[in-house]
Structure formats: structure tokens, C-alpha cells
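**Q** All chains should be modelled from the sequences, with the hints used to inform the complete structure.
Chains as they are written, first to last, in the working numbering: chain C, 1 to 248; chain H, 1 to 248; chain P, 1 to 248; chain W, 1 to 248.
Bear in mind the hints are in silico, worked out from the structure with no lab data behind them. Any given hint could turn out to be false.
[To be verified] In silico lysine-lysine, DSSO-like type, Cα no more than 30 Å apart, as pairs:
1) W:41 to W:222
2) C:76 to C:222
3) H:222 to H:207
4) W:6 to W:76
5) P:144 to C:6
6) H:144 to H:127
7) C:14 to H:6
8) H:144 to W:6
9) W:87 to W:76
10) W:144 to P:6
11) H:6 to C:144
12) P:6 to W:14
13) C:41 to C:6
14) P:14 to C:6
15) H:127 to H:232
16) C:222 to C:207
17) W:144 to W:76
18) W:14 to W:76
19) W:6 to H:14
Just so it is clear, the structure is predicted and the values come from calculations on it, not from any experiment.
Protein chains: 4
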Amino acid sequence: MESIVKYDSKPVLKDPVFIEVLPGIGNVGKIAGDHFAQLLKAERFASIFSMNFPPQVIPDDDCVIRMVGNELWYAKAPNGQDIIFLKGDYQGSTPEGQFILAQDVMEILLSYGVSRIITLGGYGTGKIDRELHVFGAVTRAELKDEMERCGVTFNPGEPRDGIVGAAGLFLGFAQLNGIDGLCLMGETSGYFVDHGSSIKIIEVLGKMFSVDDLDLGELPEKSEQLNVLTEKANQQDPDSRDDLNYIG
Amino acid sequence: MESIVKYDSKPVLKDPVFIEVLPGIGNVGKIAGDHFAQLLKAERFASIFSMNFPPQVIPDDDCVIRMVGNELWYAKAPNGQDIIFLKGDYQGSTPEGQFILAQDVMEILLSYGVSRIITLGGYGTGKIDRELHVFGAVTRAELKDEMERCGVTFNPGEPRDGIVGAAGLFLGFAQLNGIDGLCLMGETSGYFVDHGSSIKIIEVLGKMFSVDDLDLGELPEKSEQLNVLTEKANQQDPDSRDDLNYIG
Amino acid sequence: MESIVKYDSKPVLKDPVFIEVLPGIGNVGKIAGDHFAQLLKAERFASIFSMNFPPQVIPDDDCVIRMVGNELWYAKAPNGQDIIFLKGDYQGSTPEGQFILAQDVMEILLSYGVSRIITLGGYGTGKIDRELHVFGAVTRAELKDEMERCGVTFNPGEPRDGIVGAAGLFLGFAQLNGIDGLCLMGETSGYFVDHGSSIKIIEVLGKMFSVDDLDLGELPEKSEQLNVLTEKANQQDPDSRDDLNYIG
Amino acid sequence: MESIVKYDSKPVLKDPVFIEVLPGIGNVGKIAGDHFAQLLKAERFASIFSMNFPPQVIPDDDCVIRMVGNELWYAKAPNGQDIIFLKGDYQGSTPEGQFILAQDVMEILLSYGVSRIITLGGYGTGKIDRELHVFGAVTRAELKDEMERCGVTFNPGEPRDGIVGAAGLFLGFAQLNGIDGLCLMGETSGYFVDHGSSIKIIEVLGKMFSVDDLDLGELPEKSEQLNVLTEKANQQDPDSRDDLNYIG
Numbered sequence: 001m002e003s004i005v006k007y008d009s010k011p012v013l014k015d016p017v018f019i020e021v022l023p024g025i026g027n028v029g030k031i032a033g034d035h036f037a038q039l040l041k042a043e044r045f046a047s048i049f050s051m052n053f054p055p056q057v058i059p060d061d062d063c064v065i066r067m068v069g070n071e072l073w074y075a076k077a078p079n080g081q082d083i084i085f086l087k088g089d090y091q092g093s094t095p096e097g098q099f100i101l102a103q104d105v106m107e108i109l110l111s112y113g114v115s116r117i118i119t120l121g122g123y124g125t126g127k128i129d130r131e132l133h134v135f136g137a138v139t140r141a142e143l144k145d146e147m148e149r150c151g152v153t154f155n156p157g158e159p160r161d162g163i164v165g166a167a168g169l170f171l172g173f174a175q176l177n178g179i180d181g182l183c184l185m186g187e188t189s190g191y192f193v194d195h196g197s198s199i200k201i202i203e204v205l206g207k208m209f210s211v212d213d214l215d216l217g218e219l220p221e222k223s224e225q226l227n228v229l230t231e232k233a234n235q236q237d238p239d240s241r242d243d244l245n246y247i248g
Numbered sequence: 001m002e003s004i005v006k007y008d009s010k011p012v013l014k015d016p017v018f019i020e021v022l023p024g025i026g027n028v029g030k031i032a033g034d035h036f037a038q039l040l041k042a043e044r045f046a047s048i049f050s051m052n053f054p055p056q057v058i059p060d061d062d063c064v065i066r067m068v069g070n071e072l073w074y075a076k077a078p079n080g081q082d083i084i085f086l087k088g089d090y091q092g093s094t095p096e097g098q099f100i101l102a103q104d105v106m107e108i109l110l111s112y113g114v115s116r117i118i119t120l121g122g123y124g125t126g127k128i129d130r131e132l133h134v135f136g137a138v139t140r141a142e143l144k145d146e147m148e149r150c151g152v153t154f155n156p157g158e159p160r161d162g163i164v165g166a167a168g169l170f171l172g173f174a175q176l177n178g179i180d181g182l183c184l185m186g187e188t189s190g191y192f193v194d195h196g197s198s199i200k201i202i203e204v205l206g207k208m209f210s211v212d213d214l215d216l217g218e219l220p221e222k223s224e225q226l227n228v229l230t231e232k233a234n235q236q237d238p239d240s241r242d243d244l245n246y247i248g
Numbered sequence: 001m002e003s004i005v006k007y008d009s010k011p012v013l014k015d016p017v018f019i020e021v022l023p024g025i026g027n028v029g030k031i032a033g034d035h036f037a038q039l040l041k042a043e044r045f046a047s048i049f050s051m052n053f054p055p056q057v058i059p060d061d062d063c064v065i066r067m068v069g070n071e072l073w074y075a076k077a078p079n080g081q082d083i084i085f086l087k088g089d090y091q092g093s094t095p096e097g098q099f100i101l102a103q104d105v106m107e108i109l110l111s112y113g114v115s116r117i118i119t120l121g122g123y124g125t126g127k128i129d130r131e132l133h134v135f136g137a138v139t140r141a142e143l144k145d146e147m148e149r150c151g152v153t154f155n156p157g158e159p160r161d162g163i164v165g166a167a168g169l170f171l172g173f174a175q176l177n178g179i180d181g182l183c184l185m186g187e188t189s190g191y192f193v194d195h196g197s198s199i200k201i202i203e204v205l206g207k208m209f210s211v212d213d214l215d216l217g218e219l220p221e222k223s224e225q226l227n228v229l230t231e232k233a234n235q236q237d238p239d240s241r242d243d244l245n246y247i248g
Numbered sequence: 001m002e003s004i005v006k007y008d009s010k011p012v013l014k015d016p017v018f019i020e021v022l023p024g025i026g027n028v029g030k031i032a033g034d035h036f037a038q039l040l041k042a043e044r045f046a047s048i049f050s051m052n053f054p055p056q057v058i059p060d061d062d063c064v065i066r067m068v069g070n071e072l073w074y075a076k077a078p079n080g081q082d083i084i085f086l087k088g089d090y091q092g093s094t095p096e097g098q099f100i101l102a103q104d105v106m107e108i109l110l111s112y113g114v115s116r117i118i119t120l121g122g123y124g125t126g127k128i129d130r131e132l133h134v135f136g137a138v139t140r141a142e143l144k145d146e147m148e149r150c151g152v153t154f155n156p157g158e159p160r161d162g163i164v165g166a167a168g169l170f171l172g173f174a175q176l177n178g179i180d181g182l183c184l185m186g187e188t189s190g191y192f193v194d195h196g197s198s199i200k201i202i203e204v205l206g207k208m209f210s211v212d213d214l215d216l217g218e219l220p221e222k223s224e225q226l227n228v229l230t231e232k233a234n235q236q237d238p239d240s241r242d243d244l245n246y247i248g
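**A** Laid out in C-alpha cells, this is it:
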């Protein structure tokens, strides 16, 4: 393993499901996953550092630094399912680095007996008016029924350009290791941070893990801000374009 | 070995010939090799994954993903000769990666007792009117006679800029390992996908492996499309240039 | 260890403090650290060479070359504290290289039982009129009191973009290894080499290590040159901009 | 060792001197070294292949390929001195690759008990009128006297930007290993291939290795061509600039 892994604790987990939560298109996956982890009161148990992240430390409001990296968090879902989240501000800095990081995290997951791998991302349509589908991709066709019952749409052969970065690589490594993998992609324009699209992903995750009371916090309000501005833009208000940029 | 190799099966092969079939100039080699493998009813027996390919998975029409990589296929030629094909959508992403991948595949080939290495490619002339020669390069001069009998032309010192990427590297590694290697380069303009040039390579391969009935499928028709447009371009039809771009 | 380390001597050091002194914003950290090392009559004890530095040798006035790299120097402060300095003309050439180099130096430092890690840098404000604060960042909040007593200012959450390169990485590795780490950042415009800002860092170091007689040598004079030109620039003298460039 | 080394033979050499002969400024070093190796009837004994060279093979006039790499040749000078030459069409493709290649070659040289390391290069002045000095750099000052007697000039602190690539790295590695190293840099404009400058280096090498009869072959004639065109250019013949480009 090329990465440096620093454990806060070594939780005992039973057949955990893994959810990848990293930045990407419209930050849809990261917002959804971070919120869902918070809902389940997830706790960090490990930090991952690597030459494949930017060589950088970030000071907090106390001027105490933390090194840029990724983190592993765990939580128990209401249905009793153990979950491991991969969280962080960055994906690997290079294609090679992304591969190595996914491989290293996979090694940790296998040691925990991971039973399923879920990756989160955005599905950029390039259109400001989007319908907020949650599109899916899977490592084997038999997984589609269950996902459709949770509200996921399957769009044959899409996305045409493939699923890139961590959201794709963890699916690939799942398949290589004979573990079920699925990707949830929130439809979004790709131009703005899209809390509305994240809500849709959270709703799917809520059904998957039997979370009855989905406290969405400030997400609906933030989503509404974008909706208002998008509508204005559609009414050809010449000022609204700038407002949209401001949100992005 | 840096690559990850996943076997579907481990076929027993006798002194197999290796044919490299990857994207390149005019996609000439890839179209020819993929068609020839299909003619011989080749079957995949291994997949190769690596940090040296794009970090990406591709969904099929069932939304089932596959990780970007290269594949090894095998077939038996009508003359009884076992063949291993290297197929894929990508060459390595960097020069270093191309070297490492070729080295890793070479290690597999040596374990199979590979007896000969053939690489396929395009030979870009920069001229729209091309003659569709199949040009050759070899790891030792004694191989030229046999190839000439199969329709290959030798153009002293050509290509001047060398043979780059997998088509070159596998020749080099063949030579390093004392294995006979030859490169078939289909003459092409370099501007368009050139099915006509691929047909010429298939004809050479057909002679080499005693394939009497060369079913070319849709290739002649696709080739004709380019010929028609090329002729139009030569008659200085001002619209044809766009048509040609459309095909490319 | 990937780096090549060449020892001039292996000094016996007691719980040494490490000070990182490499080029960066306004060269503030390098000028300060090099001057402070000279004040304490530091001596070189090791040179570090690596593929992560430019592939280059530099001839001196005798036409005798030295290979580009980093160097370790040591000194004893007036208060009896052993200090190791990391000096050099270059940081690693790539992000990955910077990480590897910091990791290798850290390994050496741990073998010396390093007790504290101090990194020096500039804090670019983008404003020509700067106040010459020395801003700080720490690996744990308890270190702030002592630093404030030495004249360091803490600016919550700053720098927003994080601390990059060696000055950041050594803090991060300190934290990972449970060693106290602190970063001193001299406020500067970021446009010019800023000896005035370096003086402020030297004054902080002087207090930390009980250096009563801080011989600043030519630094005040060089600092004054920039002040004069800055003032001229503020008086909108159209010629002064070029003068400033000349100094930079 | 990361490189692949293929031996033609393993010559027995006594305290050999190493001469680095690779492409660089004005190709001065390569032309000089290749000619000198030919004068001494050098023979190739090893080829070096690596991911750090372009992934490429070159066909000869027989359409037999050779893989791009570097080569080791050996010869005996008239004074009985064994010499190893490093020859090739390329330096490493990246800074890291250049370092690794030099390190690997160094390992071979040390196994041969190399007694001295000489690197050849051009010294670009940016001026078309050049004086054709051979400038020197050394790993220790005591080597200068001997070199001055052979016609080498020492220009304190020059070249200011250092000596980069293989010509620099081998000097650095010589110094690291306590082996005498010297660099011969032929003065040249840096704009053209400069056979005249190469002749000057050959003359220095001739004195060093007691080669009485320096057959310069076609070099004086080729050098004269550049001189004629340079003179024309100085007489402000407007056509000559193009001619010069043609030669370059």
C-alpha cells in the first residue's frame, strides 16, 4: 500500500456497505453523501494521506492545520447495516494517483469484508432545465430491479463518456473482486453546485437503508435558491446569469 | 508485474502467434485485427487493468459497467496455428505507461511460449490519394521474403519517424527476447478511419494463416463510402471536404 | 528512502528542533532561515539528492560543480537547543516529489529524535502596503500561547488556500507523527523579495531560541531599499514600478 | 536497476574512462563524441532500454527495427587507456527519467571500476560570432591544470544556469562517488548544429588520450559550410538567414 493510513479507531463492522463520497460534477455526490453520513451520525475512524493528493495543509479557525487527504467514516443505518464512507475534499491529483488511491482503499475495504460498493456522482446534462432523475449503473444486471424500486432510472449505455474518477474506479474494482457495485448519479446541469440533485440521491439512499425520517436540513432551501435563479434565467432576466455564477 | 490481470480461462496454446490490435493511425490496425479475430471466432481469456489506462468505467446497454483496459483473446487459425490477440480501446496513457503495459503483456506471452509477434498499424502518408500498400518492418531481415510472398512491401528506412506506441514496443520486446517480430502497416492518409486500408491488412493476415474464405463483412461497403467522398474531393467539389470530416 | 543522502558527518544532537528553510513566496522564509542559520554558525552535515530535483549541477567561481539538492545543517542555539536546518535552492519539482522528499527528510529527523518542527514561509497579501505581521499555524492549539509571546499573530482560518509545499508538508508529517509543529509566515506583498518580512521572522526565532544579540547584517539596508521604492510607487512616481521590478 | 540492459559482450576493461556522448546544445557533444569513438574504432557492448526513452522503434534501410535506447561502446586509446562511451539518439524523456538513467549507467560504470568521468556538451552563447573556446567544469579544482594544458578554458561560475541533463548528472554522480569528473563544453551559438565547435572538443580529447593523428573526416568541410553562411549573414545578405536555417 502506497498510501499512509492513520487510524483513529478500528471499529468492528459486519459486512459493511461502502459509500464513496468525493467531489465531482456539481458536487452532487459529495453533498448527498456528506449529508447522509451526518444523518446517520457517522464517525471518522481513519485518515488517508498520499503523494497523490495536493501537497498542502489547511488551517482551521483555531489555526490548527490538517493535512489534505481522504477520510474513512462509519455509521450504522436504522436497518442495522454497517456503512463505511470515503470522504474528502479532493480526488487523486492524477489519473495514476486516482487508480492507486482506489486500490489502496479497496484493500482496506476487503479487510473489513465489504459486502457492497456504492459510488455517488453527478450526471451532467449541459441543460439548465433538468428533471432530477437519479441515474444508475451496476456491476451486474441483477442489481437493477432493487435499485429501480428505490427510485433509480437506468438509461441504456449512459453516460456515453463513461464514469470517470473515483465513482467509476470503485465500481470497476468491485466488479474485479466479485462484489456488488452500483453508482448513483444525480442529474444536474453541470454548471452549478446542485443541492436539489443531491436531495434526490439522499432519498434513494434513504430507501436503500430504511431511513424513515430523512431530515434534509438546509438542503431544500439551498436548492430553492438555484431553482429561483434558474427560473429567472429562463425568463431571460439579463441579470440572472451573474447571480447564477455567484451561486456556482 | 504492475498490471492487474484477470483470467476468464487459461487456455492451453501451442507456440502461439501474438497479434497486437490497438487503436492508432486511421484505426487501420484495430479494425483489421478486430475483424480478423472475429473471423477466427476468437474468445476472450484475460483482461488487463492498470493505472496506465484512463480511470474510467463504461456502461453497456444494460447499464452494466466494464473497467477500461486491454484484453487477451485467443483463436485457432485454419492452419492449426494458435493465436493470441491483444485488443482494447486504449493504448497506455503516457509513454512510460505504454512501456510498462507492453512489458507486462510480454511477460504473459513468454509464459505461453509465444513463437512470433505481429503488430498492426497504419502508415500515414498525409496524402488523400493513397495506394493501399501494406508496408512492413521486421526484427531480422530473414523474415522479409515470407512477408513479401504474402503481399507486404518493404520501404527502406520507412517510416522515417519510427513506429511508435504498442506497435513499435512489441517489436522491440520481441527483438530483445530473440522472438521473430513483424509489423504490418496499412497505407492510409492518416486523416480518416480507413476501412479500405484495413482490408489490405486482413488479406495479408489471411495468407499468413491460410484463411481461404475471407468474409470481409461490411468492410468493403464502408471502404467504398470513403472512396466515393475522396473522389469527389479530387474533383474539387467544395462540399466534399465537410463530408470527409463527417466520416472521420 | 528514495533520496540519496550523503553525510559529511553524523553529529550527536539532543532532541533537536527542525527548521525548514526553502524558497517560497517572496523568498521570506529562505532569507530568514539562511540568516538565522548563519547567525548560529550552522554547519552542513548532509546533502540530499533526488530525481525530484532538477537534473542539474551548478559550477562555483572555481568551476567546481555541485549537484542541485537540499542540505541539512546543524547548530546549537544560545539556550543550548540543538537545531537542524533544511536548506536548498529548490523544493521538489512536482507535487509527488515534494511529498516524497518531505517523507525522506522526516525519516532522517525521526532517527535524530526531532522534538519540534518549525517551517518558514511568506504570507502573500497581494498588497504592496503590508504590516509585516508574522502569522502562525500549529499542529495543536496549545502551541499558540508560547508563539504569541514570541510575537506571532494568529489569523483564524488563514491562509484560506492552505499552506502548500514543504512548509505545509512538514507540519502535516509532524502532526502525523505526534510531534509539535508550527509554521511562521512573514507577511509580504508576494511581488518582491522581501527582506523586511524576513527580519520579522528572525526576530521571532531570536525570541524562541534566546538569541539576545540579533546581528541582522545587511538585511535592514536591503529592506530599506524596498521601502523607499514602495513609498515612491505610492506617490505615483511613474518610474518606480520599473525599479521595483528590478529589485524583485 | 530500472533499465533493461542487453549485453553484446562483456569486455574486460582496466580502470576505464567514461565519456558521455548524448544529444544537446548544437549537438556539439554528440558529434564530437561519436567521431572520437569512431576514430578509436569503438565497439558496442551493451544496449540500454527504458520506459524513460520514447516508446519507439526505428527501421533501418533493411526495414529491420531497433528499439530506441542508449548504448555502451568501448575502445582502447593509443595511450592504452580503456574508454567506455555512452551513445544514443535521446536523453531521458523527463527530468526524473534522466536521473534514473544516469543512476543506472553509473551502477554499470562502477562495476567496471570507472576511473574518470568526462561529459561532453555545447555552451550556447546566443551569439552567431563565437570564438570556439572549449569551456570546462570539474568535480574538484585540482583537475583544472591538466585540462588547461589540453586547451580547456575555465570561465568562473559559468554557465550561470548550470549544466543540465546527462552532461550535468554524470558529473554530479562522479562527485558523489569520489570519482574525478570533468565536462567539456564547446562554445557555440546554440542556433545551429556546429561541427566547428565539435572539432575543438575532439582536439582536447585527442590531447587527453594521446591521439597523434586526428583524422577529422568530413567535419572541417561541414564546419566551413556554417562559417561561410555565418559570414554572409554578417555581411547582411538578406538571403543567408534562410540558408542558415536550412543547415540547422
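**Q** Hint by hint, note whether the structure agrees.
**A** Cross-check of the supplied hints:
no.: 1; hint: W:41 to W:222; verdict: holds, 22 Å
no.: 2; hint: C:76 to C:222; verdict: holds, 27 Å
no.: 3; hint: H:222 to H:207; verdict: holds, 23 Å
no.: 4; hint: W:6 to W:76; verdict: holds, 22 Å
no.: 5; hint: P:144 to C:6; verdict: holds, 25 Å
no.: 6; hint: H:144 to H:127; verdict: holds, 26 Å
no.: 7; hint: C:14 to H:6; verdict: holds, 28 Å
no.: 8; hint: H:144 to W:6; verdict: holds, 25 Å
no.: 9; hint: W:87 to W:76; verdict: holds, 16 Å
no.: 10; hint: W:144 to P:6; verdict: holds, 25 Å
no.: 11; hint: H:6 to C:144; verdict: holds, 25 Å
no.: 12; hint: P:6 to W:14; verdict: holds, 28 Å
no.: 13; hint: C:41 to C:6; verdict: holds, 21 Å
no.: 14; hint: P:14 to C:6; verdict: holds, 28 Å
no.: 15; hint: H:127 to H:232; verdict: holds, 15 Å
no.: 16; hint: C:222 to C:207; verdict: holds, 23 Å
no.: 17; hint: W:144 to W:76; verdict: holds, 24 Å
no.: 18; hint: W:14 to W:76; verdict: holds, 10 Å
no.: 19; hint: W:6 to H:14; verdict: holds, 28 Å
Hint compliance for this structure: every hint is met.
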